[in-house]
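Chains A and B supply the protein sequences, listed in that same order.
Under the UniProt record's numbering, think of the first position of the first sequence as 1, with each following residue one higher.
Under the UniProt record's numbering, think of the first position of the second sequence as 1, with each following residue one higher.
Rather than coming from a laboratory, the hints here were simulated on the basis of the structure.
Since we're looking at a predicted model, the values are computed, not measured.
Glycine included, every Cβ here is placed at the ideal spot set by N, Cα and C.
Each hint should be verified, as a subset may be incorrect.
[Unchecked claim] The following label-pair restraints were derived from C-beta to C-beta distances:
{"no.": "1", "chain 1": "B", "residue 1": "D91", "chain 2": "A", "residue 2": "D254", "range": "49 to 59 Å"}
{"no.": "2", "chain 1": "B", "residue 1": "T51", "chain 2": "A", "residue 2": "V71", "range": "47 to 57 Å"}
{"no.": "3", "chain 1": "B", "residue 1": "A94", "chain 2": "A", "residue 2": "D167", "range": "15 to 25 Å"}
{"no.": "4", "chain 1": "B", "residue 1": "A94", "chain 2": "A", "residue 2": "S415", "range": "53 to 63 Å"}
{"no.": "5", "chain 1": "B", "residue 1": "P84", "chain 2": "A", "residue 2": "V149", "range": "44 to 54 Å"}
{"no.": "6", "chain 1": "B", "residue 1": "E34", "chain 2": "A", "residue 2": "D167", "range": "23 to 33 Å"}
{"no.": "7", "chain 1": "A", "residue 1": "P150", "chain 2": "B", "residue 2": "D91", "range": "31 to 41 Å"}
{"no.": "8", "chain 1": "A", "residue 1": "G345", "chain 2": "B", "residue 2": "A23", "range": "55 to 65 Å"}
{"no.": "9", "chain 1": "A", "residue 1": "R270", "chain 2": "B", "residue 2": "D91", "range": "44 to 54 Å"}
{"no.": "10", "chain 1": "A", "residue 1": "R363", "chain 2": "B", "residue 2": "D91", "range": "47 to 57 Å"}
{"no.": "11", "chain 1": "A", "residue 1": "V149", "chain 2": "B", "residue 2": "T62", "range": "35 to 45 Å"}
{"no.": "12", "chain 1": "A", "residue 1": "V149", "chain 2": "B", "residue 2": "L44", "range": "38 to 48 Å"}
{"no.": "13", "chain 1": "A", "residue 1": "V325", "chain 2": "B", "residue 2": "F38", "range": "39 to 49 Å"}
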Amino acid sequence: MDERAAGAVEAVFREERGRLLASLVHRFGDLDLAEDVASEAIEAALEHWPRRGVPARPGAWLLTTARRRAVDRLRRDQAYAARIALLQAEADRAGPAMPPDPDGDLPDERLSLFFTCAHPALPAEDRGALTLRCLAGLATPEVARAYLVPVPTMAQRIVRAKKKIRDARIPFRVPGPDELPQRLPGVLQVVYSIFTEGYAASTGPHLQRLDLAEEAIRLARILRRLLPAEREVTGLLALMLLVHARRDARTGPDGGVVLLDDQDRGRWDRAMIEEGRQLVVTALTGGPPGPYGVQAAIAALHGEAADVATTDWPQVVALYDVLLVLTPSPVVALNRAAAVAMRDGPAAGLALLDELADEPRLRAYHPFAAARADLLSRLGRFAEAAAAYRQALDLAGTEPERAYLRSRLESAELSASDG
Amino acid sequence: MKYMLLIHPAPDADPNDFGCTPADWMAFDKAVHEAGIFASGESLQDLVTATTVRVSQTGERTITDGPFAETRELLGGYYVIDVPDLDVALDWAARCPGSRGGGGVEVRPVADYPQG
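Just chain B, same shape as in the assembly:
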């Protein structure tokens, strides 16, 4: 079963006080690949680069600066992993450096629609 780990770093975290280093991220990434559970994943550019598109019923496009959700939580990146159940997914999320230093990792099962 596939789960998406949405990595939400703490909004105003001091990078020096983050509880993790680039080396931690590299180690986590390596572990996910070596465990054979990696389905996909990307790190996202900084929040200021986000642009949101909304399309109205009449087909009109509205383009605005910033992320869609009016929330202080930012999406820093994601992993999609393929593991047997939620507990295993939560274990991996807890190992992810993004879950530390006031950040959090949201775990969402990926909907599995029948093919064809």
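Isolated chain A, as found in the complex:
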């Protein structure tokens, strides 16, 4: 295949694969079957398109091809015979079938698939994997790499999740308006957890996994197209863009951590910040704010400040106050304390942190120990700071974070022995 055709085909697949799969799942109610015939249709395209050219409506071509394969397979396979009858009966019950539209564009059923992959009846750890697999179109080894688990383990998890969807009959559908407020946060949570795994890997040699962060942003853009009126979808996209805009400045030349205070803001992605800021306005307009919108607004304040000193800290603290009401959690309280330290000085921040010391969730959370250590050293209490850095070091997950904490520990120890 010549390179241009190959590139065109690949671009089409990337955009169409999720839509194709969602349409097939919608039609046949079986994720395995849908995946198989989607792959077969893509194989057929790989064979035909380079010779005959990419069709005018590649998505519709793929869907028609895949549907034919699926029907052939269902006819051949005795085990599926009963299911055809059942599907037909259910389709009749559900109302008149959609008119066949071979020339029309591929209908976008991806929203149902998002809700299925993020269904609360599935184990939390499988939801992200399934979303990457079905909606981002990653192959199982790529999903395994994303979560740093062996390929057979990930394959088993995906098989198990698909089995539960099929056997417990988790429906492929978009929740109605009355259920949406309850179910949408789960979908957003899945996308955000994919992003955070990319933004700050929980383990492993690297701090950031940019491909994963970008995949999450792509998924959020799809969601936003499908649910344009949902402001939290916009808020999540804004938040991820504003955070991702700092990616190049977050690590040093040696791969080490560079904290917000020390980042070269000239290396922030201005276009991405601008896009994020505009989305924040939409996310916070026309109703009460949601947690993602508020977090995005905080990220936007950092994004527009020239440096740490000129950041609008009173506003940041005020937004954390709102966030603490929307999603009360020790981690939010920790971040709020750090912002208070910037507004009112390290002693005020430390007092708030000490109030949080008994929170079980923070005891094993290294950013808590690191934040205490930082405030203690800013107060000149270096021996206590060193102890807190040691604690943080014991808890930190990735090597770059440990290296950073080691260097801070050394300078705290040095200052302690000087004093």
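Chain B: place on chain A using the hints.
Chain B only, in chain A's frame:
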């Protein structure tokens, strides 16, 4: 598709603080029947009445007092309902008074083996 709703009341729940009354159970039972989804269902006697039988490979019977699972969760009763999908089954489970007051309702699809 049939789903079994296994009703697990909270182990040490105060009956007065249960969040539901016999009237709630009667209302739920009525709703399940009126919706035309009822396949079967029973309320079980108190846990102390449970007896478990195990049969070894050699055919030896062991009879012990109490429920099989070594768990604090008890099985208070069950419904089998026939509904289109898991979401509908979960909606009914959530309406079941047994899901309140610290209890829970486990939803299990009933295996559908081909006949003959």
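So the hint says 47 to 57 Å: do the beta-carbon atoms of R363/A and D91/B match that? At 39 Å between Cβs, range violated.
Note whether the CB distance of R270/A and D91/B lies within 44 to 54 Å or breaks it. holds (48 Å)
I want to verify a distance hint. Is the separation of the beta carbons of V149/A and L44/B within 38 to 48 Å? Because 41 Å falls inside the window, the suggested range holds.
Given the hint of 23 to 33 Å, check if E34/B and D167/A actually sit that far apart at their C-beta atoms. The hint (23 to 33 Å, Cβ to Cβ) holds, given that E34/B and D167/A are roughly 28 Å apart.
Using the C-beta atoms of D91/B and D254/A, is the stated range 49 to 59 Å upheld? Holds, since D91/B and D254/A (Cβ atoms, about 55 Å apart) stay within the stated range.
Satisfaction of the hinted span 31 to 41 Å by the C-beta atoms belonging to P150/A and D91/B: holds (38 Å)
Could you say whether the range 35 to 45 Å given as a hint is met by the Cβ separation of V149/A and T62/B? holds (41 Å)
A range of 44 to 54 Å was offered for this pair. Does it hold for the Cβ distance of P84/B and V149/A? violated (34 Å)
Note whether the CB distance of V325/A and F38/B lies within 39 to 49 Å or breaks it. holds (44 Å)
Given the hint of 15 to 25 Å, check if A94/B and D167/A actually sit that far apart at their C-beta atoms. holds (21 Å)
Can you tell me whether the CB distance of T51/B to V71/A sits inside 47 to 57 Å? Holds, since T51/B and V71/A (Cβ atoms, about 53 Å apart) stay within the stated range.
A94/B versus S415/A beta-carbon gap, inside 53 to 63 Å or not: Holds, at about 58 Å.
Consistency note: the structure conflicts with the earlier hints numbered 5, 10.
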